[in-house]
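Start from the sequences and build out the full structure, keeping to the hints where you can.
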Amino acid sequence: MTALLEVRDLVKRFPVKRGLIVERTVDYVEAVAGVSFDIEAGKTLGLVGESGSGKSTTGFCVLQLLRPTSGSVRFDGQELTELEGEELRRVRRDAQIVFQDPYSSLDPRMTVGNIVSEPLVVHKVGSRRDRQVRVRELLDVVGFDPTYVNRYPHEFSGGQRQRIGIARALALSPRLIVCDEPVSALDVSIQAQIINLLKDLQREFNLAYLFIAHDLAVVRSVSDRIAVMHRGHIVETGPANEVYERPKEDYTKALLAAVPVPDPARMRERKSERRRLRDVVAT
Amino acid sequence: MSATPLLEVRDLATHFFTREGVVRAVDGVSFSVDRGRTLGLVGESGSGKSVTALSIIGLIPQPPARIVGGEVVFDGRDLTTLSERELEDVRGKRIAMIFQDPMTSLNPTLTIGTQLLETIRRHLHLPKREARRRAIELLDEVGLPNPEARLDDYPHRLSGGMRQRVMIAMAVSCEPDLLIADEPTTALDVTVQAQVLDLLDELRTQHDMAMIVITHDMGVIAEVADEVVVMYAGQIVEQAPVTELFARPEHPYTEALLGALPQLEDDTARTGRLTAIPGRPPDLLDPPEGCRFAARCPYANEFDGCATHMPALRELRPGHMVRSEHPTTERARRKEAAPA
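Protein chains in written order, with our numbering: chain Z, 21 to 303; chain S, 122 to 461.
You may find that some hints are simply not true.
Pulled a few chain S residues facing chain Z out of the computed Cβ check, cut under 8 Å [as the list claims (entries may be wrong)]: (1) V311; (2) D388; (3) R391.
Worth flagging that the hints you see were computed from the coordinates, not collected in a lab.
For every residue, glycine included, the Cβ atom is placed at its ideal position computed from N, Cα and C.
Below is the structure:
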């Protein structure tokens, strides 16, 4: 069986430019330096790493929101890197994204209803009436009171806004959602609500997630497989429990050891482990 | 334990007077910090933890905010009665503070050296050359590589972790008795966070400094705190020594908060569900008359008066305070006593 998403040797280089009037490229930064992974339908791959590791760039390249420099992204058997215009738009119905910041990713001038129905309008799905029904359905599914469809995003808290963002991503019944730090801007009690929601939706709609986050505990709670990124490379990948319990690479070990856990006794043990591994991540 | 604590906050109330009305951001908060100890102040956004810290050192934005009640007794003096001039001598010298985002707390147009020397010369009255030597020593102590060259660098040349080290160097430059750290590692990567927390711990031990660490992260609390204060909606809802708090949380909010955390070391994390807390904190413009957690509390009911009477903060066990009609141990006892 082939996976829903197959990424092979993905590379993304950004030019480094110098000069005020005549800009010229003096160098390249390789944000993603040849990564490969698969995601099966209905499963989650957790992509973890520290800031600058290239994990978000990878997510953007998968959806062709950024065009990869080289490499292959096959979604449902189709090579996305070769698609353009209308063809690419058709694929986007099946592959959506949820962003980190529920404050800046929703247009403040649009009502909740318009935000969620926008993908339906763009892809010309159903009549106006059908779309209204669908929007209410979607808001209901994500636990957002549908009576507020005519309100604006600023009237809601971070958690409620993230629900709006998720409803928008679900509008076209996608099979893959790239979740780019979807809960890191939220308070713990709200974060738990959203994580539970994402897990419920996955089961209900057989969604595949590329779950990008820096919080290793959050990632473990949603992921079947894990890929650890460091400086543009995937340094380790495997089933979640294996990577968390028996990490093979020193970088993964150091990363895991650095996470503070809410248990003072356990924390003392982890602290000594962490000091032992400190030199590994020193740059 | 020493007889008089270094810092004693008594019944502190800080309100914001806004066009919409009075926001009771901090509403009757009391705690104390002993010399050389670390108090962890934990809560979610809007719980009042940062405003509490800013009130202690008189840095709340006035207006709209004002301390409307209570005392902040530091080393025998009530800081709320001091003039701005007198406060300036305490701030930086006896009590120092570091903030979440080291980029916004450093002036981007001045070199690291200029900013560090300003603090040292303002409080220690050292001549320029000695101040410079002290600055290099400090940067070395906080683990900044090549400290002498760093003095002439501008903040943007440093990474987030390095900037936070500079902030820490500034904060400890005058050997303060108390360091207040407001989300000191929230903006940092986890490996850098570990280094900064280790550094703070080393400095605290070496200089016998007391610390107040403000954070939303229960993991950070478990790592650094001796004593923990849990805040919710402007009030303290629970307070206990760190081991006690994590082993036997009493307040339904603390219990729920710990249950809502995804666990790093749990191999059933993928299949399980987190115990989310329904709803969200109350609006402090018009807080509920009764218990502020009642609307989200799984144990509140119509007969217990939670909705109408504010529970008092009471001592359940020695050193363990809780503000709830439904603490865990009492629920367990009630359950046992109830006929089958």
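Status of the hints after comparison with the structure:
{"no.": "1", "hint": "V311", "result": "5 Å, holds"}
{"no.": "2", "hint": "D388", "result": "5 Å, holds"}
{"no.": "3", "hint": "R391", "result": "6 Å, holds"}
When the structure is compared with the earlier hints, no violation turns up for any of them.
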